[in-house]
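K.L.:
Now for the letters of each chain:
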Amino acid sequence: MKLEMKDIYKSFGSNDVLKGVSLTVQGGEILALLGENGAGKSTLMNILGGVIQMDSGSIFLDGKPVHFHTPAQSQEAGIAFIHQELNLINDLPIYENMFLGREPRNRFGRLDLERMIRETEESFKRIGVNLDPKTMVRDLDASYKQIVEITRAMMTNASIIIMDEPTTSLTDQEIERVFEMMKTLRDHNVGIIFISHKLNEVKMICDNYAVLRDGNLVAEGKVADVTQSDLARFMVGFDVRTEPLLRNKRLGEEVLRVEGLTDSERNTFRDVSFSVRAGEILGVTGLLGDGRSEVFETIFGERKATSGKVYISGSEVKISNTRQAIRHGIGYLPRNRKENGIVKDMSIIENASMVTMPFFSKRGIVNKKKHVEDFENHRTSLKIKMEKINDLITSLSGGNQQKVILAKWLSVNPKLLILDNPTQGVDVGAKEDIYDIILKLADENIAVIVLSSEAQEIIRVCDRALVMYHGEIQGEVEGSTMNEHDIMTLATGGVLAYE
Amino acid sequence: MSEQKPVIGNEKVVAKQNFFEWFVKKWKSDPLFSIGFVLILMIIIQTIALGFDFPSFEAWLTNWLNNWINILRNNAPIGIVALGMTFVIMTGGIDLAVGSTMVATGAFAMMLLDTGANGILGGLGITGVPAIIVTILLVILLGYLLGSAIGLSVAKGLIPPFIATLGAMLIFRSVTQHFMKDQNPSVPTDFLQIASFKIGNLMIMPIIYWAVIALILYYVSKRTVFGRQIIAVGSNEKAARLSGVNVDKVKFNVYALLGVLVAVASIMQVSRIGSMDVANAGRGMEMDAIAAVVVGGTSLMGGRGSILGTVYGMLIIAVMNNLLNLFDVPTFLREAFKGFIVIAAVFLQRKERVQ
Numbered sequence: 068m069k070l071e072m073k074d075i076y077k078s079f080g081s082n083d084v085l086k087g088v089s090l091t092v093q094g095g096e097i098l099a100l101l102g103e104n105g106a107g108k109s110t111l112m113n114i115l116g117g118v119i120q121m122d123s124g125s126i127f128l129d130g131k132p133v134h135f136h137t138p139a140q141s142q143e144a145g146i147a148f149i150h151q152e153l154n155l156i157n158d159l160p161i162y163e164n165m166f167l168g169r170e171p172r173n174r175f176g177r178l179d180l181e182r183m184i185r186e187t188e189e190s191f192k193r194i195g196v197n198l199d200p201k202t203m204v205r206d207l208d209a210s211y212k213q214i215v216e217i218t219r220a221m222m223t224n225a226s227i228i229i230m231d232e233p234t235t236s237l238t239d240q241e242i243e244r245v246f247e248m249m250k251t252l253r254d255h256n257v258g259i260i261f262i263s264h265k266l267n268e269v270k271m272i273c274d275n276y277a278v279l280r281d282g283n284l285v286a287e288g289k290v291a292d293v294t295q296s297d298l299a300r301f302m303v304g305f306d307v308r309t310e311p312l313l314r315n316k317r318l319g320e321e322v323l324r325v326e327g328l329t330d331s332e333r334n335t336f337r338d339v340s341f342s343v344r345a346g347e348i349l350g351v352t353g354l355l356g357d358g359r360s361e362v363f364e365t366i367f368g369e370r371k372a373t374s375g376k377v378y379i380s381g382s383e384v385k386i387s388n389t390r391q392a393i394r395h396g397i398g399y400l401p402r403n404r405k406e407n408g409i410v411k412d413m414s415i416i417e418n419a420s421m422v423t424m425p426f427f428s429k430r431g432i433v434n435k436k437k438h439v440e441d442f443e444n445h446r447t448s449l450k451i452k453m454e455k456i457n458d459l460i461t462s463l464s465g466g467n468q469q470k471v472i473l474a475k476w477l478s479v480n481p482k483l484l485i486l487d488n489p490t491q492g493v494d495v496g497a498k499e500d501i502y503d504i505i506l507k508l509a510d511e512n513i514a515v516i517v518l519s520s521e522a523q524e525i526i527r528v529c530d531r532a533l534v535m536y537h538g539e540i541q542g543e544v545e546g547s548t549m550n551e552h553d554i555m556t557l558a559t560g561g562v563l564a565y566e
Numbered sequence: 008m009s010e011q012k013p014v015i016g017n018e019k020v021v022a023k024q025n026f027f028e029w030f031v032k033k034w035k036s037d038p039l040f041s042i043g044f045v046l047i048l049m050i051i052i053q054t055i056a057l058g059f060d061f062p063s064f065e066a067w068l069t070n071w072l073n074n075w076i077n078i079l080r081n082n083a084p085i086g087i088v089a090l091g092m093t094f095v096i097m098t099g100g101i102d103l104a105v106g107s108t109m110v111a112t113g114a115f116a117m118m119l120l121d122t123g124a125n126g127i128l129g130g131l132g133i134t135g136v137p138a139i140i141v142t143i144l145l146v147i148l149l150g151y152l153l154g155s156a157i158g159l160s161v162a163k164g165l166i167p168p169f170i171a172t173l174g175a176m177l178i179f180r181s182v183t184q185h186f187m188k189d190q191n192p193s194v195p196t197d198f199l200q201i202a203s204f205k206i207g208n209l210m211i212m213p214i215i216y217w218a219v220i221a222l223i224l225y226y227v228s229k230r231t232v233f234g235r236q237i238i239a240v241g242s243n244e245k246a247a248r249l250s251g252v253n254v255d256k257v258k259f260n261v262y263a264l265l266g267v268l269v270a271v272a273s274i275m276q277v278s279r280i281g282s283m284d285v286a287n288a289g290r291g292m293e294m295d296a297i298a299a300v301v302v303g304g305t306s307l308m309g310g311r312g313s314i315l316g317t318v319y320g321m322l323i324i325a326v327m328n329n330l331l332n333l334f335d336v337p338t339f340l341r342e343a344f345k346g347f348i349v350i351a352a353v354f355l356q357r358k359e360r361v362q
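First to last, the protein sequences are chains A and B. The opening position of the first sequence corresponds to residue 68 in our numbering, with each subsequent residue numbered one higher. The opening position of the second sequence corresponds to residue 8 in our numbering, with each subsequent residue numbered one higher.
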């Protein structure tokens, strides 16, 4: 099948989101659809999926013009949209999920379980997946959930599959599995539109690429003909730096020391010891399930350790809740901004004043003026792009939301800032802004700890990095000798040769 | 969004809105506007229903005002409870025990004040105004303690609010009934002044209490750290905790505050009627209070809510009851109207389904 989108135009109010975009996908092709957040990718794909309507333009399937008014029409035409948040029901077995909404019934009107199981098995066999259809979806890991959803798309005879950032929550091994699946689909002449921010994955798996920027198609071609930095440049419109941001370090006193921190109750981490000094940027990395987030949630008082000692500026402290951590000068930017970071019912300024509110207030009354003044300061230095401070936080892009969450910590003058996955779901431009902010904070003599699963990010901003594996610190890399290979070796449980 | 303006068609066209478009937009975006509008509409209907068949404008106005004073006075106790309920619901909780708390605190007040042989304060030789003051303080303290018990089990015991307060509802009333089974207390007439003291020949004390508490809580919700933290906890508890909000304390405080407000409502109720029927008083009160909060635009899921909205919601339900009276709707059908208005209010305020 061949899908063509021609001169698609779409605006929301006075905001032109797509300005005449054309895109072609063939069966048997994996097309990378790239672009920063807000470039128009999801709008384009939602038009294709029948979720929203285009203002003008046309869509052809094998040369025939089509128009999708509802998601159902798009699905019937053979287009499957696999969203980031998967549409599976955890409490049902795989085979029931496969037939959700179109369950076959036997002649007594009861669910035809045998047929559902049999057909699911056949589909799995056809694309080479080894899964028992009777497994509960809850028991599957994230990659198999993807695979179940893709198989479901196949069973509805989808010939074009849109995958929206399918690998964000997957481990390397799981990513490998999904990629194998994608290759099998390609061999079955299915066309795949792969939306991702991870350019190394694009290089690995995709045949062609198309880059959107500000609602225009700015580049397309064969992935083999370009490098990762070419793609990054197409996305942001200027050269993106990838080299380490070397800087003149001025390390001060030790700010945090952790000795033998262990959580044997839930077995998330064991015997974690390290220290970080003022003005230092310490990276902590590893694969999914390495326990790094849990370690720092514990230090911040959100979890409890079973043993181990924590020292702040040389004296031992017991931190059993987040307020105590804040009083000791620790700031914490959580991972998963949507779930843990923003309060979506609140405005920008209300989110930004969450931490400082008790400190700025007298007798429990909010000092709004001081909050506004304070936020205006940070707004310029953090380059937050926004309209009115009383707009809801959800009106901002991911990068700007993250900067607001960061801003709320800066006015309590933390000695130590823990940033867990600070660039998650943030576009390339805002990513660089956040790196600059991290360096600036370190220059202001704050100890910064950056938790990240991206080795490149660690190498780029950190002075030194701990690599964790299954809840333990597997090793440490430092300075200009840091490289992806060493980090990956440690993260997978290996040992560095020269240690 | 990018800073660059699109090259083509970048003229910002300010579309001229006609009144209807403005109205629809305002209705959808501002819950206070929509319920305020409905309220005004209902007041107009009510005014028409009361009729204009009076000898003079003054006679008409007196009749109209008296009708309103009656409405407000009758609804003041539940109105006060609904205000406290708003905070509880904003944190994502619920309190089903308000009716039972009301009965427990009311019975306590009567036992303290009883003019008979069993009167607790009388037995201690405290009578007159001091007895009334002591009673008010002790009853409010009991309300605080009962609310705290619920707050503790929700915040520290991690019991779902629905279950914790369902249990409390049964416990509070049952224990009260047990202690009151052979009692027949009567309260001193001075105590009745709390509700029936007249200002310029108008019995509006309950309305004043309600208004003052509404104003205070409105201020609390808009201007205080506590008010902000209630929204934060209800909207995203984890994010609130990770920002240093004492989530347990906020949850505890909203239930304790509601307990205090129920005690206040209970004092008003006892002083208005002179007694309290421990078997039946306050039954269904939790639903009336929740209905007012929900009609007022506060989401049962927690997060954004509005004290002013709850006042509107209470008034809508009150005016509706008044209309049912004026139109002589059969007694058994009246609850159905209340049910209808709750559903209709939430239907009108529903958010567009987000894709």
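Source of the hints: derived by calculation from the structure; they are not laboratory data. Be a bit skeptical, because a hint or two may be false.
In the DSS-like style, the derived pairs of lysine-lysine whose C-alpha atoms are separated by at most 30 Å in a straight line are [said to hold, decoys possible]:
no., chain 1, residue 1, chain 2, residue 2
1, A, 376, A, 437
2, B, 256, A, 452
3, A, 265, B, 245
4, B, 32, A, 405
5, A, 455, B, 245
6, A, 385, B, 229
7, B, 229, A, 405
8, A, 411, B, 35
9, B, 188, A, 435
10, A, 455, B, 163
11, A, 411, B, 32
12, A, 450, B, 163
13, B, 345, A, 405
14, B, 256, A, 371
15, A, 450, B, 256
16, A, 405, B, 33
17, B, 188, A, 411
18, B, 229, A, 435
19, A, 435, B, 245
20, B, 256, A, 435
21, A, 385, B, 35
22, A, 86, B, 245
23, A, 265, B, 345
24, A, 371, B, 163
25, B, 35, A, 435
26, B, 205, A, 411
27, A, 437, B, 245
28, A, 436, B, 229
29, A, 371, B, 245
30, B, 229, A, 429
31, A, 429, B, 163
32, A, 482, A, 411
33, A, 405, B, 245
34, A, 405, B, 188
35, A, 436, B, 163
36, B, 163, A, 452
37, A, 437, B, 163
38, B, 245, A, 482
What you are looking at is a predicted structure, and each value in this text was computed from that prediction instead of being measured.
K.L.:
Against this structure, judge whether each hint is valid.
P.N.:
Here is how each hint holds up against the structure:
As the CA atoms of residue 376/A and residue 437/A are separated by approximately 37 Å, the hinted pair breaks the 30 Å bound. Distance hint between residue 256/B and residue 452/A is unfulfilled; the C-alpha atoms sit about 35 Å from each other, more than 30 Å. For the given pair, residue 265/A sits about 29 Å from residue 245/B by alpha-carbon distance, which is consistent with the 30 Å threshold. Of the supplied pair hints, the one linking residue 32/B and residue 405/A holds, its CA atoms being roughly 27 Å apart against a limit of 30 Å.
Restraint check for residue 455/A and residue 245/B: satisfied, since their Cα atoms lie roughly 26 Å apart, inside the 30 Å limit. At roughly 35 Å between alpha-carbon atoms, residue 385/A and residue 229/B are farther apart than 30 Å, so this suggested pair is violated. About 25 Å separates the Cα atoms of residue 229/B and residue 405/A, which keeps this hinted pair within 30 Å; it holds. A C-alpha spacing of about 18 Å is found between residue 411/A and residue 35/B, which places the hinted pair at or below 30 Å, so the restraint holds.
With a C-alpha separation of about 54 Å, the suggested pair residue 188/B and residue 435/A falls outside the 30 Å cut-off, and the hint is violated. For the proposed pair residue 455/A and residue 163/B, the alpha carbon gap of about 38 Å is over 30 Å, so the pair is violated. A C-alpha spacing of about 21 Å is found between residue 411/A and residue 32/B, which places the hinted pair at or below 30 Å, so the restraint holds. A distance of roughly 41 Å separates the Cα atoms of residue 450/A and residue 163/B; the hinted pair therefore is violated under the 30 Å criterion.
Between residue 345/B and residue 405/A the CA atoms are separated by roughly 38 Å; this puts the pair beyond 30 Å, and the hint is violated. For the given pair, residue 256/B sits about 19 Å from residue 371/A by alpha-carbon distance, which is consistent with the 30 Å threshold. Restraint check: the Cα-Cα separation between residue 450/A and residue 256/B comes to about 35 Å, which exceeds 30 Å; the hinted pair is violated. The straight-line distance between the Cα atoms of residue 405/A and residue 33/B is roughly 28 Å, inside the 30 Å bound, and the hint therefore holds.
At most 30 Å may separate the alpha-carbon atoms for a hinted pair to count; residue 188/B and residue 411/A exceed this at roughly 51 Å. Only pairs whose Cα atoms come within 30 Å are accepted, and residue 229/B paired with residue 435/A is accepted, the gap being roughly 11 Å. A threshold of 30 Å between alpha carbons decides the hint, and for residue 435/A with residue 245/B the separation of about 24 Å falls inside it, so the pair holds. Proximity of residue 256/B to residue 435/A is assessed by CA-CA distance (about 23 Å); at most 30 Å being required, the pair is judged to hold.
Under the criterion of a C-alpha separation no larger than 30 Å, the hint pairing residue 385/A with residue 35/B is inconsistent with the structure, at around 49 Å. Taking the CA atoms of residue 86/A and residue 245/B, the gap is about 40 Å. The hint is violated against a cut of 30 Å. Note on residue 265/A and residue 345/B: the hinted pairing is violated, with a Cα-Cα distance of about 55 Å set against a maximum of 30 Å. Distance restraint check for residue 371/A and residue 163/B: the Cα-Cα separation of roughly 16 Å lies within the 30 Å cut-off, and the hinted pair is therefore satisfied.
For the suggested pair residue 35/B and residue 435/A, the alpha carbons sit about 28 Å apart, so the restraint of at most 30 Å is met. Annotation: proposed proximity of residue 205/B to residue 411/A is violated, straight-line Cα distance about 47 Å (limit 30 Å). Distance restraint check for residue 437/A and residue 245/B: the Cα-Cα separation of roughly 26 Å lies within the 30 Å cut-off, and the hinted pair is therefore satisfied. For the hint pairing residue 436/A with residue 229/B, the CA-to-CA distance comes to about 14 Å; that is within 30 Å, so the pair holds.
Straight-line distance between C-alpha atoms of residue 371/A and residue 245/B comes to about 16 Å, which keeps the hinted pair within the 30 Å bound. Between residue 229/B and residue 429/A the alpha-carbon distance is near 15 Å, which keeps this suggested pair within the 30 Å criterion. For the suggested pair residue 429/A and residue 163/B, the alpha carbons sit about 28 Å apart, so the restraint of at most 30 Å is met. For the proposed pair residue 482/A and residue 411/A, the alpha carbon gap of about 28 Å is at most 30 Å, so the pair holds.
Proximity of residue 405/A to residue 245/B is assessed by CA-CA distance (about 11 Å); at most 30 Å being required, the pair is judged to hold. Pair hint residue 405/A plus residue 188/B does not hold up; C-alpha atoms about 54 Å apart against a cutoff of 30 Å. Between residue 436/A and residue 163/B, the direct Cα distance comes to roughly 35 Å. Violation of the 30 Å bound is thereby established for this hinted pair. Of the pairs offered as hints, the one joining residue 163/B and residue 452/A is violated, with about 40 Å between alpha carbons and a cut-off of 30 Å exceeded.
Among the hinted pairs, residue 437/A with residue 163/B is inconsistent with the structure: their alpha-carbon atoms are about 34 Å apart, more than 30 Å. With a CA separation close to 23 Å, the supplied pair residue 245/B and residue 482/A stays within the 30 Å bound.
In summary, the numbered hints that this structure violates are 1, 2, 6, 9, 10, 12, 13, 15, 17, 21, 22, 23, 26, 34, 35, 36 and 37.
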